[in-house]
Every structure is written in structure tokens, then in C-alpha cells.
Amino acid sequence: MQTSAKYRTTEDLVIDIVVYTVMIIVMIATLYPFWNILAISLNDALDSIRGGIYLWPRKFTLNNYRVILSNPDIYHATLISVLRAVIGSITNVLSCLMVAYGISRKDYIFRKFISRVIVFTMYFSGGLIPTYLLMKNLHLVGTFWVYILPGMVSAFNIIVIRSYIDGLPQSLIESAKIDGASEYRILFQIIMPLCLPVLATVTLWVAVGQWNSWFDTFLYNSGKPELSTLQFELQKILQSVQSASTNPDFSASLTSSGRTVTPTAIRATMTIVATLPILFVYPFLQRYFIHGLTIGSIKE
Numbered sequence: 001m002q003t004s005a006k007y008r009t010t011e012d013l014v015i016d017i018v019v020y021t022v023m024i025i026v027m028i029a030t031l032y033p034f035w036n037i038l039a040i041s042l043n044d045a046l047d048s049i050r051g052g053i054y055l056w057p058r059k060f061t062l063n064n065y066r067v068i069l070s071n072p073d074i075y076h077a078t079l080i081s082v083l084r085a086v087i088g089s090i091t092n093v094l095s096c097l098m099v100a101y102g103i104s105r106k107d108y109i110f111r112k113f114i115s116r117v118i119v120f121t122m123y124f125s126g127g128l129i130p131t132y133l134l135m136k137n138l139h140l141v142g143t144f145w146v147y148i149l150p151g152m153v154s155a156f157n158i159i160v161i162r163s164y165i166d167g168l169p170q171s172l173i174e175s176a177k178i179d180g181a182s183e184y185r186i187l188f189q190i191i192m193p194l195c196l197p198v199l200a201t202v203t204l205w206v207a208v209g210q211w212n213s214w215f216d217t218f219l220y221n222s223g224k225p226e227l228s229t230l231q232f233e234l235q236k237i238l239q240s241v242q243s244a245s246t247n248p249d250f251s252a253s254l255t256s257s258g259r260t261v262t263p264t265a266i267r268a269t270m271t272i273v274a275t276l277p278i279l280f281v282y283p284f285l286q287r288y289f290i291h292g293l294t295i296g297s298i299k300e
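First residue of the sequence shown: 1, per full-length UniProt numbering; consecutive thereafter.
Among these hints, one or two may not hold up.
With a straight-line Cα cutoff of 27 angstroms, these simulated BS3-like cross-link-like pairs (lysine-lysine) come out [claimed, not checked]:
id, residue 1, residue 2
1, K236, K224
2, K106, K177
3, K112, K177
4, K224, K136
5, K236, K136
Simulated restraints, written as ranges between beta carbons of each label pair [what the hints assert, rightly or not]:
id, residue 1, residue 2, range
6, V18, K136, 51 to 59 angstroms
7, L219, Y65, 54 to 62 angstroms
8, S95, L46, 46 to 54 angstroms
9, T275, S240, 16 to 24 angstroms
10, T61, T21, 31 to 39 angstroms
11, K136, L172, 26 to 34 angstroms
12, V117, S240, 43 to 51 angstroms
Simulated from the structure, these hints should not be mistaken for laboratory data. The beta carbon of each residue, even a glycine, is placed where N, CA and C say it ideally should be.
All chains, full assembly: derive it from the sequences and hints.
Set out below in C-alpha cells:
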């Protein structure tokens, strides 16, 4: 029950002031780095080297964005990143939901054994070279599916979803079985709609992970330009600019062409370009995020 404003004490007022003050400090500490990077990305590259840019660009320019967006490979790489984020999120959430539902059923005799095996995989992995050899033997190297299939099942996501399902009334499942519903109908028409908060939360986690991933592109598809992702292309641009900064001839050619860039300016611009799509998606899932994360974190 909320305390009425008429009966608020001095202690309540002090607590509110402290809470709001702390929240404002946390908000500023969270937003300022991103705002500072945005200001640097909109500032002249050579002027940024002088430092002293905090909230606003000193010499406004869009040249840094022109350098990145003039790369023709960026647009196809963005399409690949969107596809892997969408397909990877859907397949991961559906797979984890089905596994979580199976091991959440009290009448499934192997639920404890399978749960322990899943938890075991969170502490140990095969390592980089065995994983690469496995992908090669599965003929996934050089294909788009190397972005999707290895990440279809996540142990952590399974545990979070299973914990959420455990919190649902088991009488729902028993009633549905009495009415003759099949397991697939119980899962997709009864359990899945009730799991919307935790599924939205897990979808956000997976989508952000898929969107930001670039090392698997370097490892498996660096020789396939048609399968390159946005993050990998941005990484290549940054490396080329860093190489140019140590090559006087190349730097002179960039300066004479009016495309003067520096690693600092390109790194800030890359951060903005790579982050904006996630910022547009986040508000649509944010209302489910806290509820799904809180309920899904409850363990038996």
C-alpha cells in the first residue's frame, strides 16, 4: 500500500530525496559516455585529437559518417546482421522454450539429470580450436548457418525460462491435459503466452549478442564477403584507418581528398552506427524486461 501524501513523514521525504539524487547521478553516469561519443563522432576528426570535447562538437561535421557510409559493403553487411539477429533470436528463443518446458515438467523422470547436464555446459567449453574443427566437420564454415545453429540453445537462457515456467500454476497444465490438449498445444497456446515477459527479455539478450558479434565472422566467414556482418566491416574500417595513421603517404592522400579521419573519430562513429538499431528496438521490449528478468531469476 502506498503512503498517502497527507501522512508522509520527514523520514519519507529524506528517503525520496536520497533515492532521486542517486538515480539522477546514475542516469548522468550512464548517459554521459554515450553523449560524449556522439559529440566526438560529429566533430572534425583532426580537431578531436586536441581533446576537450564533452557535450557538444566544437567543429561540427558529418564527414566521419560519410567515410563509413560511403563503404558499399556496409549495406549488404547490415542486411546480414539484421537477418542473423532476427533468425538467431527466433530460433534461440523457441529452442530454449521447448527444452525449458520439458525439464520443468514434474512428471518427466530425466528432468534433474538433463538440468545438471545443461548447467555443466555453463562451466566448461570445448575451446576455440575444437569448436572450429567441429564447425568445419559439420560443413558450417563458409555458410550463413554458422551464425545460427551453434547458438540455437543457450544453457543460461534455458534456466531462466524454466525458472519462469516453474512459477506458473501447474494446475493449468493438468486442466489442459484433462481437456485432451496435446503437449504442443499446452506449450504454444497456454504456456508460451504466459511466458511473454521472459521471452521478450531473452529475445533482447540474444538479439544484442547476435548484432554485436563479429569474431565468428572473422573466424568462419572472413573469406566470404557476401556473408560479412556490419560489426566485422566496421572493424575492418577501423583497422584500415589505424594503419593509415601510421602511413604518412596514405594519410596525405586522405587529407588531400577532404576525407580526413582519425581512429578516435572513426571509433566513436562506429559506436553510434552499431548502437542505434538496438536503441530503436529496446523501448519496445523494455516494459517486459524488468518483469521477465525478476521472475526468471527465481530458482528452486
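Hints and how they fare:
no. : hint                            : in the structure
1   : K236 / K224                     : holds (14 angstroms)
2   : K106 / K177                     : holds (14 angstroms)
3   : K112 / K177                     : holds (23 angstroms)
4   : K224 / K136                     : holds (15 angstroms)
5   : K236 / K136                     : holds (24 angstroms)
6   : V18 / K136: 51 to 59 angstroms  : holds (57 angstroms)
7   : L219 / Y65: 54 to 62 angstroms  : violated (29 angstroms)
8   : S95 / L46: 46 to 54 angstroms   : holds (50 angstroms)
9   : T275 / S240: 16 to 24 angstroms : holds (21 angstroms)
10  : T61 / T21: 31 to 39 angstroms   : holds (37 angstroms)
11  : K136 / L172: 26 to 34 angstroms : violated (45 angstroms)
12  : V117 / S240: 43 to 51 angstroms : holds (45 angstroms)
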